[in-house]
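Residue numbers (my numbering), protein chains in the order written: chain A, 127 to 736; chain B, 127 to 736.
For identical chains, the list gives no copy identity; a pair is met inside one copy or between any two copies.
In silico lysine-lysine, DSS-like type, Cα no more than 25 Å apart, as pairs: (1) LYS456 / LYS733; (2) LYS733 / LYS699; (3) LYS373 / LYS153; (4) LYS456 / LYS699; (5) LYS417 / LYS318; (6) LYS733 / LYS681.
Hints in this document: simulated from the structure, not taken from any laboratory.
2 protein chains.
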Amino acid sequence: MNFSKLKRVLLGQPLSSHLASHERIPKWKALAVLSSDALSSVAYATEEILIPLAIVGLAALAYSLPVSLAIVALIIIVTISYRQTIDAYPGGSGAYFVVKENLGVRAGLVAGASLMIDYTLTVAVSVAAGVENIASAVPFFQGHKEVLGAAVIVVIMLFNLRGTKESASLFALPTYLFLLSFLILIGAGAWKLLAGEIPPAAPLIHETYPAIPLFLLLRAFSSGCTALTGIEAISDGVSLFQHPAHKNAKTTLVWMSVILVALFLGITTLAHVYGVVPAEQETAVSVLARKVFGDTFLYYALQGSTALILLLAANTAYSDFPRLSSFLAKDRFLPRQLASLGDRLVFSNGILGLSLTAIFLLFVFQGDTHRLIPLYAIGVFLSFTLSQAGMVRHHLRRRGPRWLGSFFFNFLGAFTTLVVLVVVATTKFLAGAWIVILLIPLCVFVFLRIREHYEQVGRELTLSERKPPPRLEAVRHAVIVPISGLHRGVIDALRYALSISHDVRACYVELDPEATERVRGQWRLWAPQVPFIVLPSPYRSVIEPLLEYIDDVEKTTPGEMLTVVIPEFVTAKWWQQMLHNQTAFLIRAALMFRRRRVVTSVRYHLKGDC
Amino acid sequence: MNFSKLKRVLLGQPLSSHLASHERIPKWKALAVLSSDALSSVAYATEEILIPLAIVGLAALAYSLPVSLAIVALIIIVTISYRQTIDAYPGGSGAYFVVKENLGVRAGLVAGASLMIDYTLTVAVSVAAGVENIASAVPFFQGHKEVLGAAVIVVIMLFNLRGTKESASLFALPTYLFLLSFLILIGAGAWKLLAGEIPPAAPLIHETYPAIPLFLLLRAFSSGCTALTGIEAISDGVSLFQHPAHKNAKTTLVWMSVILVALFLGITTLAHVYGVVPAEQETAVSVLARKVFGDTFLYYALQGSTALILLLAANTAYSDFPRLSSFLAKDRFLPRQLASLGDRLVFSNGILGLSLTAIFLLFVFQGDTHRLIPLYAIGVFLSFTLSQAGMVRHHLRRRGPRWLGSFFFNFLGAFTTLVVLVVVATTKFLAGAWIVILLIPLCVFVFLRIREHYEQVGRELTLSERKPPPRLEAVRHAVIVPISGLHRGVIDALRYALSISHDVRACYVELDPEATERVRGQWRLWAPQVPFIVLPSPYRSVIEPLLEYIDDVEKTTPGEMLTVVIPEFVTAKWWQQMLHNQTAFLIRAALMFRRRRVVTSVRYHLKGDC
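Model the full structure from these sequences, guided by the hints.
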């Protein structure tokens with residue numbers, strides 16, 4: 127099969143540069159496309175707050191409300207802060223660029239590394255949470271969460287490898303379904319309470335709170351901070367909006383934050399008043415929904431739409447990750463081939479790597495959202511802090527009109543997220559944050575080494591200090607054709623060799639003098655003009671005498687290079703390949719690291735009906 | 127490092143054809159070299175008989191003596207039968223040749239497959255038994271038998287890969303040590319009984335035997351038949367003996383059988399009279415030796431020499447296996463490269479494969495001799511039967527002087543071993559024999575497919591139906607050099623391309639029009655005589671436009687072939703390699719299966735201190 131056909135069948139049509147160009151979309155669509163990551167975290171953030179509190183005792187769950195209010199305050203601060211970013215970069219810009227431009231390359235790389243780790247964790251956490259929601263509704267999947275999660279990732283991966291044209295409308299559906307079903311849940315839950323259909327299990331406002339270690343309270347706060355993941359997506363994606371893009375983006379960012387706060391506060395409040403206690407086998411949202419809806423269609427619709435938006439959130443990482451990689455590769459911090467998103471074959475390596483890492487994480491952490499979350503928040507808040515700090519620097523440098531207000535809000539944002547970062551890093555350190563704290567500098571080190579290598583190669587290869595020659599001279603080279611007999615494949619190789627040099631020698635390693643005479647006889651008939659050189663092999667080795675002869679020729683002929691033309695076979699079936707070309711492989715391996723030697727295979731295609 | 131140097135350090139000096147030639151040795155040395163496999167089985171054969179009997183009860187152990195006598199009868203029959211083989215093939219010949227010559231190729235392949243499976247099992251069983259003897263003396267190793275076994279195999283493997291010069295004298299030592307220590311054991315054991323120092327635990331001759339299922343009795347017999355493994359080695363190795371080789375071989379075969387019978391009967395009798403019961407943690411020979419010697423130096427010497435001869439027996443498979451492979455490869459039933467034993471690099475694949483399979487078997491069967499034995503006997507007796515049957519056919523065809531006697535003994539041998547084969551196959555079927563019964567036809571199928579493939583290739587490649595051309599014509603071919611910029615590596619590739627064709631074109635895939643102009647400017651200075659072809663890439667793919675251009679060139683130019691010369695880099699460090707040559711790799715992969723396209727890499731060696 128034709129190679130490009132094969133590629134097309136497996137991986138779909140290539141994306142045209144023109145098609146990929148900005149299809150600008152209205153606010154309501156952009157909201158759906160860019161907020162799935164942020165909104166979907168409502169599905170697990172409440173539960174993450176409840177778990178550390180439940181360690182102290184059920185009474186401590188009352189803290190969930192004040193902790194949530196602190197997180198809401200954080201959301202507001204970060205939202206305002208990112209509105210300043212949109213103002214300063216009306217074309218849209220991610221943390222990597224903002225930080226690189228304002229705080230220097232190394233800080234930019236730290237932000238880049240944080241984001242790459244983040245995108246990977248977005249896949250793992252979102253899929254794990256999605257699967258937990260499915261398993262809450264369909265208990266059959268309880269024991270098989272990792273396997274189901276891995277299967278889901280493989281499906282998302284295949285969709286992305288195949289490259290379906292993702293229309294914004296397609297994305298809008300799950301997001302609005304999710305929004306609708308959560309609003310119904312909150313509305314119905316509140317109604318039942320107010321109508322007195324269900325007596326509240328816990329009072330909304332507590333007069334006294336039980337004693338609780340500060341560490342656990344901070345840990346509950348840290349866990350809840352996952353509600354903020356993905357909040358930066360709108361400021362990265364300003365270029366998606368219809369004109370005036372940056373105004374629309376700012377408005378949409380506020381909408382999103384309002385929705386996020388409403389859903390998050392609504393769920394947390396109801397969970398508390400309904401007395402939801404975190405359970406091993408069921409998510410908090412599922413427990414709450416069962417209490418409100420009972421085992422009705424609405425319950426299953428809610429679980430389904432939750433799972434759907436979580437998978438959509440995982441899917442966003444599949445476009446963010448390769449895009450960030452290509453930015454880093456264009457700056458030479460990642461292998462060059464990642465820079466161009468044009469070749470799906472190359473692009474797909476990133477998708478494959480992302481998927482395998484996420485599956486690995488799922489299995490290591492047994493598909494458990496709670497175990498993955500401690501790794502998640504570090505990267506998010508590190509990139510928040512760096513990005514806001516970059517904005518602070520930006521304002522200090524530019525001092526544009528009304529810069530002081532922007533400076534204040536970004537400073538507040540940077541300071542707050544830094545405090546949260548420190549809280550998260552300390553309270554979650556042993557639970558897994560240490561992994562990310564080690565990984566980030568390691569990534570930066572690798573980025574820098576790669577750049578250093580490319581720079582050195584550039585210096586070594588540059589022509590700029592040389593003077594062009596009057597004329598490019600052809601090299602002179604002798605050609606050696608190793609043969610083990612005379613057949614059609616050898617004839618092809620000899621004819622090819624004759625076309626590339628006037629100095630062609632066929633080399634035959636003698637293992638059996640009788641066979642030599644037979645081949646020599648054929649040689650006189652078929653290729654009398656090519657010297658037939660017999661190499662003795664006292665140790666019965668085929669490779670050694672050839673290598674020695676090649677060394678000899680190199681010493682005695684004046685050519686700058688030496689070409690070895692090897693007759694090879696391409697067999698019809700893969701297993702037959704093992705029966706051929708072993709000598710070719712050994713010669714190739716032996717000459718691989720020698721300078722000025724070119725090894726060329728002339729392939730004979732066997733028809734082989736066998 | 128130089129390739130041949132590297133090879134020499136890792137694998138040792140190559141064996142010269144002259145050195146490998148037959149060093150003829152006296153009978154006493156040949157006995158040591160050729161009988162380690164057969165004699166070492168005394169270390170476990172008795173125990174294998176006791177285990178099935180012990181299932182019925184301790185009283186049933188009395189059957190060990192009659193069962194052993196049946197096996198001794200079998201040894202005598204097989205010995206006489208193999209003496210006929212030596213007479214008929216005074217140059218020495220293995221089962222594969224004897225069977226192929228007399229019963230046809232397919233029967234020969236069945237014998238060959240049986241032997242190859244056998245050699246693998248010889249390694250696994252001998253090492254397992256050796257380790258069990260070590261663990262009997264040093265209980266520390268009890269829980270780690272597989273690991274110790276694997277380590278032992280790795281050491282044997284390394285010795286064989288390194289290719290130590292194995293002198294016959296070195297082999298003689300463990301064999302005679304083993305013989306000496308077993309004779310002392312039997313002598314001392316008998317003396318203590320006769321002197322009344324130890325009262326016998328069981329009477330030597332029983333007046334009544336307990337009832338026992340025939341199946342278990344036959345199973346005990348089957349298990350004991352492992353005593354016969356390796357008995358054919360002397361008839362295979364006649365060429366090792368000093369003149370008159372075949373007479374000396376016949377004498378030595380009788381000696382060996384006498385020693386085998388003496389040791390086997392002696393150990394079985396003593397084990398019975400001393401009341402040895404098979405134990406989980408200790409071999410029967412070790413239990414017996416402790417009863418006779420106590421915890422003295424003699425006990426440890428016996429265990430040590432037993433372990434030593436068992437490892438020596440395993441080692442013999444390391445020369446038998448590759449030799450048989452080379453015979454099969456010469457007949458084109460295995461990949462051609464196995465035919466020549468001259469290149470250690472090739473030879474070592476066989477050694478590696480043998481070792482890994484044996485280690486795999488050790489782990490699957492938990493390093494337990496008893497579990498491996500059921501697999502062992504099938505191959506042994508199948509090759510015995512076929513080999514003896516081949517001799518029967520031989521006598522019927524030739525009818526030389528006194529053929530009737532030989533015919534009778536070989537017929538007796540073939541018939542007896544066939545009966546044993548059937549007994550072994552049925553009594554051991556579920557215990558593991560089924561694996562071998564499935565594997566043998568599978569191997570034969572693979573052998574035949576490989577031969578079929580080679581024959582077809584031969585027909586396809588033959589020149590014999592063609593007439594030689596008056597003169598070998600050079601092919602005409604255009605050369606395409608894909609480039610991504612202009613640097614020293616590209617200059618080298620262009621100069622090489624100019625040397626091999628007059629039709630050279632450099633192709634540049636345009637991703638960014640500005641960069642194109644920059645490169646075009648450099649091009650005018652450095653390589654004006656080479657056409658600079660810019661390929662547009664609407665989808666931002668690097669590979670697709672190149673492949674399309676190559677197709678175009680192929681259609682529009684008259685050349686028979688088309689060469690793509692790719693500038694590649696060889697980096698100083700392995701990890702840097704990943705940062706380069708991806709495009710080269712993709713082009714190579716895309717053109718791999720196209721006919722009449724040659725892909726040549728011109729490598730630029732980076733110095734790279736980075």
